[in-house]
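Once you have looked at the hints, place chains B and C on chain A.
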Amino acid sequence: MSAKVITIIVTKGSLDWAYPPLILASTAAALGYECRMFFTFYGLQLLKRNLRLQVSPLGNPALGSRLPVFIKTLPGVQAIFTRKARERLRAKGVADIEELRQLCLDADVKMYACQMTAELHEFTKKDFIPGVEYAGAATFFQSAGESDICVFT
Amino acid sequence: MSAKVITIIVTKGSLDWAYPPLILASTAAALGYECRMFFTFYGLQLLKRNLRLQVSPLGNPALGSRLPVFIKTLPGVQAIFTRKARERLRAKGVADIEELRQLCLDADVKMYACQMTAELHEFTKKDFIPGVEYAGAATFFQSAGESDICVFT
Amino acid sequence: MSAKVITIIVTKGSLDWAYPPLILASTAAALGYECRMFFTFYGLQLLKRNLRLQVSPLGNPALGSRLPVFIKTLPGVQAIFTRKARERLRAKGVADIEELRQLCLDADVKMYACQMTAELHEFTKKDFIPGVEYAGAATFFQSAGESDICVFT
Numbered sequence: 001m002s003a004k005v006i007t008i009i010v011t012k013g014s015l016d017w018a019y020p021p022l023i024l025a026s027t028a029a030a031l032g033y034e035c036r037m038f039f040t041f042y043g044l045q046l047l048k049r050n051l052r053l054q055v056s057p058l059g060n061p062a063l064g065s066r067l068p069v070f071i072k073t074l075p076g077v078q079a080i081f082t083r084k085a086r087e088r089l090r091a092k093g094v095a096d097i098e099e100l101r102q103l104c105l106d107a108d109v110k111m112y113a114c115q116m117t118a119e120l121h122e123f124t125k126k127d128f129i130p131g132v133e134y135a136g137a138a139t140f141f142q143s144a145g146e147s148d149i150c151v152f153t
Numbered sequence: 001m002s003a004k005v006i007t008i009i010v011t012k013g014s015l016d017w018a019y020p021p022l023i024l025a026s027t028a029a030a031l032g033y034e035c036r037m038f039f040t041f042y043g044l045q046l047l048k049r050n051l052r053l054q055v056s057p058l059g060n061p062a063l064g065s066r067l068p069v070f071i072k073t074l075p076g077v078q079a080i081f082t083r084k085a086r087e088r089l090r091a092k093g094v095a096d097i098e099e100l101r102q103l104c105l106d107a108d109v110k111m112y113a114c115q116m117t118a119e120l121h122e123f124t125k126k127d128f129i130p131g132v133e134y135a136g137a138a139t140f141f142q143s144a145g146e147s148d149i150c151v152f153t
Numbered sequence: 001m002s003a004k005v006i007t008i009i010v011t012k013g014s015l016d017w018a019y020p021p022l023i024l025a026s027t028a029a030a031l032g033y034e035c036r037m038f039f040t041f042y043g044l045q046l047l048k049r050n051l052r053l054q055v056s057p058l059g060n061p062a063l064g065s066r067l068p069v070f071i072k073t074l075p076g077v078q079a080i081f082t083r084k085a086r087e088r089l090r091a092k093g094v095a096d097i098e099e100l101r102q103l104c105l106d107a108d109v110k111m112y113a114c115q116m117t118a119e120l121h122e123f124t125k126k127d128f129i130p131g132v133e134y135a136g137a138a139t140f141f142q143s144a145g146e147s148d149i150c151v152f153t
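Protein chains in written order, with the numbering used here: chain A, 1 to 153; chain B, 1 to 153; chain C, 1 to 153.
The shape of chain A in the complex, shown without the other chains (with noise of 0.2 Å):
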């Protein structure tokens, strides 16, 4: 039997959103799925050799639900929100993003970055990391078609 196929799309850039699609693509391909991500949008952050990644509690009532919203659009709050979430993720012993990143290209998965898009954002290849490739619609398409998942992130 072959082994069960599972596509992500993953269209966020910030520091929180970025760990779903990567903890389930560490995940699918440790448990022996063959896994593919297509990075889109925002999501094309996340394949930058150099990470800036924040966390924004704007926008967000779940994240420091005591703090009032002014307080939350003060400089330096982003900064302190973002510096919190490293240290509890630190702490707990979750790998960063370029760690979680790594470990899934180790483990195969296949990381695409939408043409599309990158062409909007100006990216070109030399901004992400190596092992990215580039990909169509119609590339999206032919693993998603044939995915046991496939998930929007």
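No wet-lab data here; the hints were simulated from the structure.
Do not take every clue at face value.
[Claimed, not checked] Calculated lysine to aspartate or glutamate pairs in the EDC-like style (CA-CA distance at most 20 Å, straight line):
1) C:Lys84 with A:Glu122
2) B:Lys4 with A:Glu146
3) C:Lys110 with C:Asp148
4) A:Lys12 with A:Asp127
5) A:Lys110 with A:Glu87
6) C:Lys4 with A:Glu146
7) A:Lys12 with A:Glu119
8) A:Lys92 with B:Glu122
9) C:Lys92 with A:Glu122
10) B:Lys48 with B:Glu146
11) B:Lys92 with C:Glu122
12) A:Lys4 with C:Glu146
13) A:Lys84 with B:Glu122
14) B:Lys110 with B:Glu34
15) B:Lys4 with A:Asp148
16) C:Lys12 with C:Glu99
17) B:Lys4 with B:Glu119
18) A:Lys110 with A:Asp127
19) B:Lys92 with C:Glu146
20) A:Lys12 with A:Glu122
21) C:Lys92 with A:Glu119
22) A:Lys84 with B:Glu119
23) C:Lys4 with A:Asp148
24) B:Lys84 with C:Glu122
25) B:Lys84 with C:Glu119
26) A:Lys4 with B:Glu119
27) C:Lys4 with B:Glu119
Note that this is a predicted model, so its numbers are computed, not measured.
Just chains B and C now, kept in the frame of chain A:
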């Protein structure tokens, strides 16, 4: 013929984004689907005994689109949007999240809390309503891999 | 062999998040997929005759990441981000949402408005472009349950 299966990943913890997964789940159950929900990241908030869900108009131009963004950041505005949303839902006869959640459990929807992110948020089982079970990645993939529908909300 | 089927749930109503589902749909149709879109919650905004879609940089650190958050809350900044996004898209030859939406309808993509959330938002059929049909949960599940790809965007 065995029942169709739906797996729903729940990652958001605001009042408005709580509805789509719970409406999907309750409807699926009513239509005879076997339904499993995996709550992770901010979605774990929806499993708490005491819900204090809020709606934020920030970062969502589709909500309160006639209001200047600056007004949306002012003290009390998120509370007003939350109260108005609750009133609107009640006036239209839509169940509140506590009711919808219980309705799902009564209809045999399985609710799993992601163990890894529960630990990250320092939630214990006591924080969650009865009926919630812990699950790891293997349980998720077993469910998702055999599902007819799998969505990431 | 019958055509492959894709079902797309559309829940967001901003200019940037309008693109992923519509690009998926138009590409799917071009590749011979039978494509059905279910617009619900904020996604109903994308069906309106008069679109006034905006881009918000708040709550999305991946957008305008060099700008302090406080600046992003100031009057006029959302309008600037929206105008810049439109200019960028036009310069790159990307269709605008009205065109993309019509292109989908012309390619026989089915567009359904979720009846329950349309009532919640007090939309009537007159608010929507021609070609949109109302649908309830049963229609959605019938489509999703037989789809090769089902994504929640």
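Point to revise | List of violated hint numbers, smallest to largest | key: 5, 10, 17, 19, 26 and 27
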